[in-house]
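Starting from the known structure of chain X, arrange chain Y on it as the hints suggest.
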Amino acid sequence: MMQEQAFRFGRARHLVGIAGLPAAASDGVGVIVLNAGLVNRIGPFRLHVEMTRRLNARGYPTLRFDLSTLGDSGASQESRTRVEQVRADVDDAMSLLERQAGCSRFVLVGLCSGAQNAHSVACTEARVAGAVFLDGYAYRTLGYKLRYYLPRLIDPARWKRLLSRGAPKAAEKNAEPVFSVAPLPQAVVKADLASMLDRGLKLCLIYSGGISNYFNHQRQFGEQFGPLVKHPGIYTRFLKETDHTYILTGDRHRLLDSIEHWLGASFPVAHAGVQP
Amino acid sequence: MIDDDAELPFFFGPRRELFGMYHASGGHPRKAVLLCPPLGQDQIRCHRLYRQLAQALVADGVAVLRFDYYGTGDSAGASADVDLARCIADTVLAAHELRTRSGAGRVTAFGARLGGNIGLGAASAAQLAGIVAWDPILDGHAYVTRLDAMQAAMGMDAQRFSQPRMVSDVSAQWLGFNVSDRLRHQLVELKLEASPVPLLVLDTIGQEIPRSLSVREAVIRSLQPPTPWDDLARLEMAILSHPLIQTVTGHVREAA
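In the order they appear, the protein sequences are chains X and Y. Using the working numbering, the first residue of the first sequence is number 1, and each one after it goes up by one. Using the working numbering, the first residue of the second sequence is number 1001, and each one after it goes up by one.
Check before you lean on any hint, since a few could be wrong.
Here are some chain Y residues pointing at chain X (derived, C-beta under 8 Å) [unchecked claim]:
{"no.": "1", "residue": "Phe1011"}
{"no.": "2", "residue": "Phe1019"}
{"no.": "3", "residue": "Asp1042"}
{"no.": "4", "residue": "Ile1044"}
{"no.": "5", "residue": "His1047"}
{"no.": "6", "residue": "Gly1103"}
{"no.": "7", "residue": "Arg1146"}
{"no.": "8", "residue": "Met1150"}
{"no.": "9", "residue": "Ala1152"}
{"no.": "10", "residue": "Met1154"}
{"no.": "11", "residue": "Ala1158"}
{"no.": "12", "residue": "Phe1161"}
{"no.": "13", "residue": "Gln1163"}
{"no.": "14", "residue": "Asp1169"}
{"no.": "15", "residue": "Thr1249"}
Part of the chain Y face toward chain X, derived, beta carbon under 7 Å [stated by the list, open to error]:
{"no.": "16", "residue": "Phe1010"}
{"no.": "17", "residue": "Arg1016"}
{"no.": "18", "residue": "Gly1073"}
{"no.": "19", "residue": "Asp1074"}
{"no.": "20", "residue": "Gly1077"}
{"no.": "21", "residue": "Arg1160"}
{"no.": "22", "residue": "Ser1162"}
{"no.": "23", "residue": "Gln1173"}
{"no.": "24", "residue": "Gly1176"}
{"no.": "25", "residue": "Asn1178"}
Because the hints were derived from the structure by calculation, they are not lab data. Glycine included, C-beta positions come from ideal geometry on N, C-alpha and C.
Isolated chain X, as found in the complex (with noise of 0.2 Å):
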């Protein structure tokens, strides 16, 4: 049975993190999991813990950790900008799998915030050489609006309901958004994809139905980032049946199931792992 190790860590001591190290020495990649949203860093639902333990059975050392001041993590009382802070929390996190696994490359992984947090490494670290995107960034493309808006123009229903009711009042509406992304311009993120592809990482982008307000078709991917959708180095999948942090347990093991798939493909572990 694999056991799995608890780290205070980084360049101020102030990073706690989980790393599962598979027997064998690697000669590949570790996987880092990032915060997704507040949660610490066992994820939604202990989404995180499941998804590294399949990991480490496979092979690969994992780390799942908190970044500053999330989770049991404190803060490294430097004065930098959140994006740099969780630059230098990762580049720790790295160092620290190093030092234990010997991977010296690294796939990210993050749903949300998570997802913008590996983005922004992956696009200047490399040491990183893959990464998986869940509900990362997203936007409503031409082909968005016709899918939302097409149906309910031609709802009879839904014009019934409009023309004996009104339009819902203000206080009737959702005025407390549970998920939210501060989106990067699309430019920037498609250049930024595209600059990560001819750099050789391997990407990975798997959005849920959850984000159903600005994604709502496997197309979409095309739509928003164009003819880079179709390049060998990256994988796209949408699953619309499931929710924004995968609540239920057959979803989970759908997603992780996509997760171990592309990684064993992109990145094969030369060694059997073993069973944690």
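Below, chain Y without anything else, positioned relative to chain X:
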């Protein structure tokens, strides 16, 4: 920056399966508090509050251990492995670990929701000096019924899913976590029993504490604001409460 010894993450137990975070208070503390987490999504929602409570207690010179039961948090095991009897056994181990690390003779337990019930279950074996239970589960059958109803409603929630989910998709789970038949049965049978040690119940949801709980040295105190434990719309929002932290730290400070 955090003092190397101030907050130590580690694994403990005979097979090092349990995750713990030890908050040292420095010196030789006379008192220690064991923070027993609730189960399921309540545990994730309370994570920050537990950390804040631990830090507040440490500032008062009290050593603290936070930990995860087998099958929860960072501890080994899958969610389907969670077992109430094992949670109680893990709590006894954790109390021993806290005593060993801190040297404190007096260990009080704090637990939110099922964490309070688990602390009560472990009280004698763990030789606890007292328990603070925050909105403990009074009636396991009613609790299970409520979780089933919330799970069914969640599967139909148009804010979460673009299409209602099949019954088979949502079955055998409660709000994000697999649930074994064993745990379900254990919870159905659960009642808040008389406490063998001094018990403080902190009530934020207006529960009607049964007369049968008029146990030796039990104190019931109401706190505001109400805690939205069962609000599906806030299922993924952290639960925070400064009044609760102040009350618990004050209670521990005043305890002999």
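Exercise. Once the shortest beta carbon distance from Arg1146(Y) to chain X is found, is it less than 8 Å?
Worked result: Since chain X brings no Cβ nearer than about 17 Å to Arg1146(Y), farther than 8 Å, the hint is violated.
For this session: Using 8 Å as the Cβ threshold, decide whether Phe1011(Y) counts as touching chain X.
Result: holds (6 Å)
Problem set entry | Interface hint status, Gly1073(Y) versus chain X (Cβ within 7 Å) | Hint on Gly1073(Y): holds, closest Cβ of chain X at ~6 Å, below 7 Å.
Exercise. Holds or violated: is there a CB of chain X closer than 8 Å to the CB of Thr1249(Y)?
Worked result: violated (20 Å)
For this session: Tell me if Asp1074(Y) is really an interface residue toward chain X, meaning its C-beta lies closer than 7 Å to one of theirs.
Result: At about 5 Å, which falls below the 7 Å cut-off, the nearest Cβ of chain X leaves the hint on Asp1074(Y) intact, so it holds.
Exercise. With a cut-off of 7 Å, does the beta carbon of Ser1162(Y) approach a beta carbon of chain X closely enough for the hint to hold?
Worked result: It holds, given that the least Cβ distance between Ser1162(Y) and chain X is near 4 Å, below 7 Å.
Exercise. Close enough to count: is the Cβ of Arg1016(Y) nearer than 7 Å to one in chain X?
Worked result: holds (6 Å)
Exercise. Holds or violated: is the Cβ of Phe1010(Y) closer than 7 Å to a Cβ in chain X?
Worked result: holds (5 Å)
Exercise. Is the shortest C-beta separation between Gly1103(Y) and chain X less than 8 Å?
Worked result: Result: violated, 22 Å to nearest chain X Cβ.
For this session: Could you check if Gln1163(Y) really has its C-beta closer than 8 Å to a C-beta on chain X?
Result: This interface hint holds because 7 Å falls under the 8 Å limit.
For this session: Please verify that hint: Asn1178(Y), Cβ, nearest Cβ of chain X, below 7 Å or not.
Result: holds (5 Å)
Exercise. Hint check: is the beta carbon of Met1150(Y) less than 8 Å from a beta carbon of chain X?
Worked result: Hint violated; Met1150(Y) Cβ to chain X Cβ min 11 Å, cut 8 Å.
Hint violations for this structure: numbers 3, 6, 7, 8, 9, 11, 15 and 20, all remaining hints satisfied.
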